[in-house]
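Protein chains in written order, with our numbering: chain A, 23 to 359; chain B, 23 to 359; chain C, 23 to 359; chain D, 23 to 359.
Hints are not guaranteed to be accurate.
Because identical chains cannot be distinguished in the list, a pair is counted as satisfied if it fits within a single copy or across any two copies.
Below, simulated EDC-like cross-link-like pairs (lysine to aspartate or glutamate); rule was C-alpha separation at most 16 Å, straight line [as the list claims (entries may be wrong)]: (1) K176 <-> D201; (2) K54 <-> E33; (3) K224 <-> E198; (4) K92 <-> D160; (5) K28 <-> E282; (6) K89 <-> E57; (7) K100 <-> E114; (8) K56 <-> D66; (9) K350 <-> E116; (10) K56 <-> E97; (11) K92 <-> E57; (12) K100 <-> E283; (13) K56 <-> E68.
Derived from the structure by calculation, the hints contain no laboratory data.
Protein chains: 4
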Amino acid sequence: MIIVLKKGATEQEIEHVAERIKSLGLAVHISKGKERTIMGAIGDEEKLSALPLEAIPGVESVVPILKPYKLVSREFRKEASVVDVLGVRFGETEVVVIAGPCSVENKESIVDAAKKVKAAGAKVLRGGAFKPRTSPYDFQGLGIEGLKLLQEAKKATGLPIISELMDPRDTELLCEYVDIIQIGARNMQNFRLLTEAGRTKKPVLLKRGLSATIKEFLMSAEYIAAQGNANIILCERGIRTFETATRNTLDLSAVPVLKEETHLPIVVDPSHAVGRWALVGPLALAAVAVGADGLMIEVHPDPENALCDGAQSLKPAKFAHLMEDVKKVALAIGRRV
Amino acid sequence: MIIVLKKGATEQEIEHVAERIKSLGLAVHISKGKERTIMGAIGDEEKLSALPLEAIPGVESVVPILKPYKLVSREFRKEASVVDVLGVRFGETEVVVIAGPCSVENKESIVDAAKKVKAAGAKVLRGGAFKPRTSPYDFQGLGIEGLKLLQEAKKATGLPIISELMDPRDTELLCEYVDIIQIGARNMQNFRLLTEAGRTKKPVLLKRGLSATIKEFLMSAEYIAAQGNANIILCERGIRTFETATRNTLDLSAVPVLKEETHLPIVVDPSHAVGRWALVGPLALAAVAVGADGLMIEVHPDPENALCDGAQSLKPAKFAHLMEDVKKVALAIGRRV
Amino acid sequence: MIIVLKKGATEQEIEHVAERIKSLGLAVHISKGKERTIMGAIGDEEKLSALPLEAIPGVESVVPILKPYKLVSREFRKEASVVDVLGVRFGETEVVVIAGPCSVENKESIVDAAKKVKAAGAKVLRGGAFKPRTSPYDFQGLGIEGLKLLQEAKKATGLPIISELMDPRDTELLCEYVDIIQIGARNMQNFRLLTEAGRTKKPVLLKRGLSATIKEFLMSAEYIAAQGNANIILCERGIRTFETATRNTLDLSAVPVLKEETHLPIVVDPSHAVGRWALVGPLALAAVAVGADGLMIEVHPDPENALCDGAQSLKPAKFAHLMEDVKKVALAIGRRV
Amino acid sequence: MIIVLKKGATEQEIEHVAERIKSLGLAVHISKGKERTIMGAIGDEEKLSALPLEAIPGVESVVPILKPYKLVSREFRKEASVVDVLGVRFGETEVVVIAGPCSVENKESIVDAAKKVKAAGAKVLRGGAFKPRTSPYDFQGLGIEGLKLLQEAKKATGLPIISELMDPRDTELLCEYVDIIQIGARNMQNFRLLTEAGRTKKPVLLKRGLSATIKEFLMSAEYIAAQGNANIILCERGIRTFETATRNTLDLSAVPVLKEETHLPIVVDPSHAVGRWALVGPLALAAVAVGADGLMIEVHPDPENALCDGAQSLKPAKFAHLMEDVKKVALAIGRRV
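Same shape as in the complex, but just chain A (with noise of 0.2 Å):
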């Protein structure tokens, strides 16, 4: 961490600032140029983060050097993590893509999905059973009837499952019937549910905030792997910037600065991103070609009468052709689907 001492500062003030420094176990090395004294501070620099600098006098800012988080980071792990989820692997050559509904309706309408996401080449269902809704007033999921349902697109398809959790109080109950743990972009700061999810040990897809930086994103990692759990999957699915042309900009420079930085890994959702289907096909194959390790598309049999999302849900037939697209991507670039 290095102190950057304010312009003036005086002999007492610098010195009252390496004190507190060392009092905490570091060294500190203190460098005196012409217009601003700077200092280094050596050693354990979470002992630091405690002390809050910037409140001393004299202190003008405050730099850390080190990353803040550790147990995602590519610096703790070099290799790339794998992240197995009933055979299904994420983070190797194939690109894995998760598709299916917004919400899960009815059963024929869920298997009916199933079969076609399947059919196309997608190796895991998606379906939501609790649904987070801005507004109080819109449906929000079957709860764990949607739940049950989609044990029966499982049964009917072998496909794992993904769906959300919304709610520390519901982690066991979904635990029984879900094979990845969804953590939605609105709970991507929810320190509790991050803490129950890592307690669970199930392999826990984690969406980005849509105001959330990439280091604010891998800290919420943190909290996961933290508890032990480090199944993790990271998904980017766009922030939240000035422009309305899309719902959200899709950020797809996270991919290889994610890359760089941990050894998770990283899904691309462009269906919430962008929020319309007509969009959604282009931007995945360009996930596929900035290295994303897999996809998550909404797929809907039905758009026209989806309960949820449904101007931005894919008809099976036009997922079926973007899933030709994206497996000549994926090996143009050497890999798969």
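Since chain A is already given, all that's left is putting chains B, C and D on it; use the hints.
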């Protein structure tokens, strides 16, 4: 709701869209221009929200006309609401000041802080017992022990207490100790938590999420109101923008916009928005001038040793000095502290 | 254009608004719902744009229906435009690659760069002679000397030249030397510069402003087109968001959105968006996969000694390697380089 | 400047970086921690700005310590600057109010506006002659005719005149007519225009760009100062964020931040920031309370018929009423209007 059809939409497509709307019991007005056909749906707009009109062929865009929030809207209730907390009234002429440390640390410090902020004119004591922290390795609060210490401070000063709820499972416990439940910015769209807070009937202070639009902010308040709890205080605390000179960007325009849209009282928290104590004073004055019903300010007897947010906490003497200025500005606009 | 009246707008107010619209020669449809009266203005919407409808008592909001851009819109021209630059064609099957250093530094270096990028498959040479720099103390480019060196590189390789126009007074001079006029992101709404570029009839590459919406981007293109110059190439180069891990956030969704909205060709510049050479490759591939008609990439023979943007420049060998991958991805989606 | 080396940087790499820095005449301090080696460069940091240190192998990141702006910085000049415009002084106790219509339309209207804003207490008259408009089809201003009408209004009232410069070729002409040159938000990084404005020695009001950081804002002021013109007034006018309830988000935190960073006076324009007249009043009061040295407010005798920005213009009577409140808030914080 207005539906704009695509240029070149066929008669059949137009007819189909109209049928779908009528099937929900709404009337349809069709208006054919040279360039575009537009369609107005007259009736209960809410019924339409379930229908993914954008997914229907021929539809270009959908423009909602009515506000999605009801119970919290100015249209629903013309006069300003007053939220009464043990006689402290938010939403009337008085500008109510909430002050105290970021987190409760020990008895001596919280009682000391309570006495000092009360002497300076604060009417409510803040203090975190459960702390949402970006890093799992940072101080997470004293939990129930912290709530007990807040009670001690209340006993010593008579100040009502506000503290944050992070987990639906803590709701009952928290309610035994606090007079206002705080929902933090990171949980603004934690819909389960909102629902629990709504069920309690306790006053709830709802902080705006870092990337929440004003509309989403009010929809989250609607979640609380929909449970029958109308004792809601809104809190603007800065939004996330590209600017890095302050921690967040305090959106003071939100105050007059909210005054137009809702009858609920609005409080401003400049401390979390700016992240540096030296900037808190000017923004507190601006918040009063722009029409806020209250302020929420971090005050710590010894910021240099605070376990959390020391850099943005005012010392009690600085806070007392600020309160003098706050009073003057309040008087200038016909209010009082 | 749709005008939403305030709840409780009087008959007189509604009448007055209708009169104002009719006085401009448009027809008015009034539709009274239970909650709101809305009014549709049918006819030449452009005439209304001068009328500040929101300033008229009783008006709540105004919703434009038609796009504000005309000449550059897909509605105006259904087929994709092709911009021909000495036989290099933007907007057809080929993905055209523009490459070269940020700024022209000396003859040897620019000729060397030109030969190497040509050998790797680039079709246009970029190089700044006039440089917009955030700091007045940074290198501002070689000016006319730089333009002459670009000519030398063109003579040596046959590659057409693109360079930036910063000042309307330089237009004529620049046109003598370059084959494509570049308008930089910071000047996207420098309307005088757009007008001058429009008057030249030279191909113009227009970069999206850091905080420009896609609508504003197209309105700026419309400024050029309105002068009779239809040779416009759009360039997405990243927008400003809260994320600091990359210099800007490359908005690849903009490519398919622009393909819907406009007939103009679209190029992507990943180098300026991300600001770090290690991220340029994956994003270049993503740009091709998402449907861009070209790429613009910074290549410098010796980045460590570049006078500008060294950190984001690829070395020629890395660029050649990237071009191999670009070709593969282009083929996978049915295009070529 | 501090250079953070990558974990695992070799001795040779570290040595090479140090050599590069020393070759520019700076001293180097190397500090080896357990996790990272960091290097402090002591001396003239500006020389380093040309060197793309991030492009050198082994370098992870570069942290500048000194501010990039000099002449406009508080370090360069401790006391607040005063900009005198025909006796009207920006930067002292008085809060100076600039008012007038968006654009000059005709003699009667501008003279009328001038008289009314003067009567209410405004000290400078604003009015656009050259108008930057998003659409090429919108009213572009009266040009030189508009400047002449502003002169008439000045003759009638004695109010100094401010009007916008859009093109370096108009500089001389504009200077004959106006007392303050305005540089608009869209041209904040039009470096040629800044340079021309700097050469005139006239007072310049520089508006913050929609997506400009405070640092970039000051760098643009530095462009003007670097030409020897220290008569610079800064103007905060809202930044672009995700929020759409207001046209832009007025960043009032920028005022105290700028007061720390620079000696230049700061004015706030709430009219352009919010885009709706009903919100202008509260934000004007907030701007005074936060410490602005002046206000810039759009006033039009007949907003409903304004050729530009009618929706955000106050009628003269409302403006006069607002001025009464502005005076009270100014007095409350020890200033005056």
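Hints, verified against the model:
no., hint, in the structure
1, K176 <-> D201, "within (10 Å within a copy, 48 Å between copies)"
2, K54 <-> E33, "within (11 Å within a copy, 25 Å between copies)"
3, K224 <-> E198, "within (10 Å within a copy, 35 Å between copies)"
4, K92 <-> D160, "between (40 Å within a copy, 13 Å between copies)"
5, K28 <-> E282, "between (34 Å within a copy, 12 Å between copies)"
6, K89 <-> E57, "between (28 Å within a copy, 10 Å between copies)"
7, K100 <-> E114, "within (14 Å within a copy, 43 Å between copies)"
8, K56 <-> D66, "between (29 Å within a copy, 9 Å between copies)"
9, K350 <-> E116, "within (13 Å within a copy, 18 Å between copies)"
10, K56 <-> E97, "between (36 Å within a copy, 13 Å between copies)"
11, K92 <-> E57, "between (35 Å within a copy, 12 Å between copies)"
12, K100 <-> E283, "within (10 Å within a copy, 42 Å between copies)"
13, K56 <-> E68, "between (30 Å within a copy, 13 Å between copies)"
Taken one by one, the earlier hints all hold for this structure without exception.
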